[in-house]
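Work out the full structure, taking the sequences as your base and the hints as a guide.
First to last, the protein sequences are chains A and B.
Take the first sequence: its letters are residues 1 to 298, numbered as in our numbering.
Take the second sequence: its letters are residues 1 to 234, numbered as in our numbering.
Keep in mind the hints are simulated off the structure, nothing from the lab.
We put the beta carbon where it would ideally sit given N, CA and C, even for glycine.
You may find that some hints are simply not true.
Unchecked claim - Short, incomplete list of chain B residues facing chain A, as computed with Cβ under 10 Å: (1) S48; (2) P82; (3) N96; (4) S151; (5) A215.
Stated by the list, open to error - Straight-line alpha carbon distances no greater than 35 Å define the calculated DSBU-like cross-link-like pairs of lysine-lysine that follow: (6) K229/B / K18/B; (7) K76/B / K98/A; (8) K169/A / K116/B; (9) K3/B / K169/A; (10) K76/B / K54/B; (11) K98/A / K18/B; (12) K54/B / K98/A; (13) K171/B / K75/B.
Here is what each chain is made of, one letter per residue.
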Amino acid sequence: MELNSFAQQLVQQLINGVSLGSIYSLIALGYTMVYGIIRLINFAHGDIYMLGAYVGFFCTSILGLSFFPALLAAMAVAAVTGIVIERLAYRPLRHAPKIAVLITAIGVSLLLEYGGILAVTPQPRTFPAVFPARIYTFGGIVVNSQQIVILAVALALMVLLTYIVQRTKIGRAMRAVSYDTDAARLMGINVDQVISFTFGIGSGLAAAAGVLVGIYYNSIDPLMGIMPGLKAFVAAVLGGIGIIPGAMLGGVIMGVVEALVSGFISSTFRDAAAFAILIAILLFKPSGLLGKNIREKV
Amino acid sequence: MLKVDTVNVYYGGIHAIKDVSLMVREGEIVTLIGANGAGKSTILRTISGLLNPKTGSVEFEGARLTGVPAQDIVKKGISQVPEGRRIFANLTVLENLELGAYIRSDAKEIREDIQKIYGRFPRLAERRAQLAGTLSGGEQQMLAMGRALMSRPKLLLLDEPSMGLAPLLVKEIFAIIREINAGGTTILLVEQNANMALSIAHQAYVLETGRITLAGTARELADSESVRKAYLGG
Ligand SMILES: Nc1ncnc2c1ncn2[C@@H]1O[C@H](COP(=O)(O)OP(=O)(O)OP(=O)(O)O)[C@@H](O)[C@H]1O
Ligand SMILES: [Mg+2]
Numbered sequence: 001m002e003l004n005s006f007a008q009q010l011v012q013q014l015i016n017g018v019s020l021g022s023i024y025s026l027i028a029l030g031y032t033m034v035y036g037i038i039r040l041i042n043f044a045h046g047d048i049y050m051l052g053a054y055v056g057f058f059c060t061s062i063l064g065l066s067f068f069p070a071l072l073a074a075m076a077v078a079a080v081t082g083i084v085i086e087r088l089a090y091r092p093l094r095h096a097p098k099i100a101v102l103i104t105a106i107g108v109s110l111l112l113e114y115g116g117i118l119a120v121t122p123q124p125r126t127f128p129a130v131f132p133a134r135i136y137t138f139g140g141i142v143v144n145s146q147q148i149v150i151l152a153v154a155l156a157l158m159v160l161l162t163y164i165v166q167r168t169k170i171g172r173a174m175r176a177v178s179y180d181t182d183a184a185r186l187m188g189i190n191v192d193q194v195i196s197f198t199f200g201i202g203s204g205l206a207a208a209a210g211v212l213v214g215i216y217y218n219s220i221d222p223l224m225g226i227m228p229g230l231k232a233f234v235a236a237v238l239g240g241i242g243i244i245p246g247a248m249l250g251g252v253i254m255g256v257v258e259a260l261v262s263g264f265i266s267s268t269f270r271d272a273a274a275f276a277i278l279i280a281i282l283l284f285k286p287s288g289l290l291g292k293n294i295r296e297k298v
Numbered sequence: 001m002l003k004v005d006t007v008n009v010y011y012g013g014i015h016a017i018k019d020v021s022l023m024v025r026e027g028e029i030v031t032l033i034g035a036n037g038a039g040k041s042t043i044l045r046t047i048s049g050l051l052n053p054k055t056g057s058v059e060f061e062g063a064r065l066t067g068v069p070a071q072d073i074v075k076k077g078i079s080q081v082p083e084g085r086r087i088f089a090n091l092t093v094l095e096n097l098e099l100g101a102y103i104r105s106d107a108k109e110i111r112e113d114i115q116k117i118y119g120r121f122p123r124l125a126e127r128r129a130q131l132a133g134t135l136s137g138g139e140q141q142m143l144a145m146g147r148a149l150m151s152r153p154k155l156l157l158l159d160e161p162s163m164g165l166a167p168l169l170v171k172e173i174f175a176i177i178r179e180i181n182a183g184g185t186t187i188l189l190v191e192q193n194a195n196m197a198l199s200i201a202h203q204a205y206v207l208e209t210g211r212i213t214l215a216g217t218a219r220e221l222a223d224s225e226s227v228r229k230a231y232l233g234g
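Right, dumping it as C-alpha cells:
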C-alpha cells in the first residue's frame with residue numbers, strides 16, 4: 001500500500017534522524033555552553049570531536065578496551081585538551097577584541113586538523129565493531145543496535161549535563177557567570193575556574209559524540225570534525241546560542257531534517273539543507289527557536 | 001577596619017579617582033555621597049577588586065587588598081550590593097541566595113541563614129521559587145541585599161540602595177540597613193540621597209569629580225552650609 005509504505009519510510013527516517021541528531025546535539029552543547037559563558041564561537045570544537053573519535057579508536061583497537069572504558073577515556077582526554085586550549089590560546093585574549101579571539105579559534109582548529117594529519121596520517125581508519133551489529137525490525141521499521149546505543153548514551157549524557165547545570169553548585173556558578181560575570185565575581189566565584197570547567201564538559205561531550213559516530217559510520221579521519229562541527233554550530237544557533245535545551249533541540253531537528261532530505265529527496269542535498277536552515281533562522285529568528293528576541297546585553 | 005590610602009583609578013585614559021583616602025571603622029555606617037559620575041561606584045568596585053588602582057592601596061583588617069582577585073576579597077569578609085542590584089535574573093530567588101553563600105560550605109548553616117533572610121524579607125520567602133527577573137525593583141533590592149549577606153560579610157558595601165525606589169520603600173530599606181548594622185555588620189554606603197544617608201551614618205565623605213572634598217561626622221556634614229546647598233536642597 002502506497003500510504004503505508006510512505007508512513008513506514010517516514011518513521012524510519014525519523015528514527016535515523018533522531019539518532020544522528022542526538023550526536024549533533026552533543027557537539028552543539030559545547031558550542032552553546034562556551035558561547036554562553038565567554039561569548040566565543042569556539043571553531044576548534046569540531047576538531048575536539050575528531051580527537052575524541054581517535055582516542056576512542058586507539059583505546060578499542062590497540063589497547064583492546066571495551067566500549068565504555070574507551071568512551072570515558074576519550075571524554076577525559078578531550079576534556080583536558082579543551083581546558084588546555086582555553087588556558088593557552090583563549091585566556092590570554094580575555095580582554096582582546098572579539099575578532100582576535102575568533103581568528104585564534106580558527107587557528108587552533110587548523111592546528112588540530114593538520115596536526116592530526118601529521119600525527120595519524122590522513123588515511124581514514126576503520127573503527128572496530130565494538131558492538132555486535134544486531135538488527136531489529138518492527139513491522140518493516142529497522143533499528144540497529146548502534147542506533148540504540150547512540151540514543152541511550154546521548155540521552156544519558158544530556159540528563160547528566162542538565163543535572164549538573166541545574167542542581168549543582170558549579171552549575172549554578174556557570175549560569176551566574178553566563179548571566180553577569182562581574183556580579184558572579186562579587187559572589188566569590190572564580191570565573192577562570194568556571195570557564196575551564198565549561199570547556200572541559202563541552203569537550204567531553206564532543207568526544208563522546210566522536211566515539212559514537214565512529215561506531216555508527218565505522219570510519220574516522222582527521223578532517224571528520226569540519227562538517228559535523230559546522231552542522232552542530234548551526235544546531236546551536238537554531239536552538240538559540242547560549243541556551244542549553246536549545247542546543248539539544250537544534251541538534252535533533254538538524255538530524256531529522258538531514259535524514260528526511262536524504263531519504264525523500266537526495267542525499268546530495270543533505271548538507272545544503274543544513275545551511276538553508278542557518279540562513280532561514282538568521283533571517284527570521286536570529287535569537288533561535290528558544291531564544292527571546294532581545295538585543296544582546298552590553 | 002578598611003583603609004583606602006591615596007588611591008588613583010583610571011579607565012583607560014580617564015582619571016576617575018584622584019588621591020582618594022578614606023577610613024571605615026568597625027561597627028560604623030560610613031556614607032560616601034556625591035553627584036552623578038563623581039566616582040562613587042568606581043571606589044566600591046576598586047575595594048571589591050573588580051578594578052585595580054594605578055597607585056595607592058586598600059587595606060582591610062591590616063592586610064593589603066590591592067591586587068587580590070575579587071573572588072578572594074569576598075572570602076576576606078567584604079561583600080557588595082552593586083549599583084542596579086545585578087541580581088541573576090535567570091535564576092530563582094533561592095538560587096540567588098545560594099550563590100551569595102558560594103564561598104561557604106556549611107550546608108546546614110547556609111539553610112539557616114536563608115531562613116533568616118526570609119525572616120527579614122518575607123516577600124522573598126513568598127517568591128523563593130520564582131525567577132529573580134520577575135521581581136519588582138524593591139524586591140530585587142531586597143534580594144541583592146539578602147544575597148550579599150549570605151556570605152556573612154564583616155563589611156557590607158552598598159551602592160545606591162535607594163535608586164529608583166518609592167519613598168516608602170526607601171524608608172524601609174534604610175531601616176533594614178540600620179538593623180543589619182546593629183547586628184554587627186560594618187557598612188559603607190554610597191548614596192545620592194544625601195538626606196537619608198546622612199541620617200543613618202556615623203561618618204561621611206563627599207566626593208566631587210573623583211576627589212574627596214569634605215569629610216567628617218554625618219552630623220557635621222548635615223549641618224555644613226556647602227553640603228546643605230549642594231546635596232540637601234538648601
Ligand atoms: N567602564 C567605564 N569606562 C570608562 N569610563 C567610566 C567607566 N565607568 C565609569 N566611568 C567614568 O568614571 C567616572 C565615575 O563613574 P562612577 O560610575 O564611579 O560614578 P558614580 O559616582 O557611581 O555615578 P552615579 O551616581 O551615576 O552612579 C564617570 O565620569 C564615568 O563616566
Ligand atoms: Mg554609581
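Is the interface hint satisfied for S151/B? The criterion is a beta-carbon contact with chain A at less than 10 Å.
Constraint on S151/B satisfied, holds at 6 Å.
With a cut-off of 35 Å on the C-alpha distance, tell me whether K229/B and K18/B pass.
Satisfied, since the Cα-Cα distance of roughly 24 Å is no more than 35 Å.
Does the structure keep K98/A and K18/B at a Cα separation of 35 Å or less?
Holds: K98/A and K18/B sit about 32 Å apart, inside 35 Å.
Would you mind confirming whether the straight-line C-alpha gap from K54/B to K98/A stays at or under 35 Å?
holds, 26 Å
Hey, K3/B versus K169/A, does the alpha-carbon distance stay inside 35 Å?
Given that 35 Å is the threshold and the Cα spacing comes to 33 Å, the pair holds.
Given the hint that K171/B pairs with K75/B, does the C-alpha gap stay at or below 35 Å?
holds, 31 Å
Residue hint A215/B, partner chain A, criterion CB-CB below 10 Å:
violated, 27 Å
Hint S48/B vs chain A: min CB-CB distance below 10 Å?
The hint holds - S48/B has a Cβ within 10 Å of chain A, the shortest such distance being about 6 Å.
Quick check on N96/B please, does its C-beta sit within 10 Å of some C-beta on chain A?
holds, 9 Å
Identify whether the interface hint at P82/B stands, where standing means a beta carbon of chain A within less than 10 Å of its own.
Result: holds, 6 Å to nearest chain A Cβ.
Under the criterion that the straight-line Cα-Cα distance not exceed 35 Å, is the pair K76/B, K98/A satisfied?
holds, 34 Å
K169/A paired with K116/B [C-alpha distance capped at 35 Å]:
holds, 21 Å
Checked against the numbered hints given earlier, this structure breaks only hint 5.
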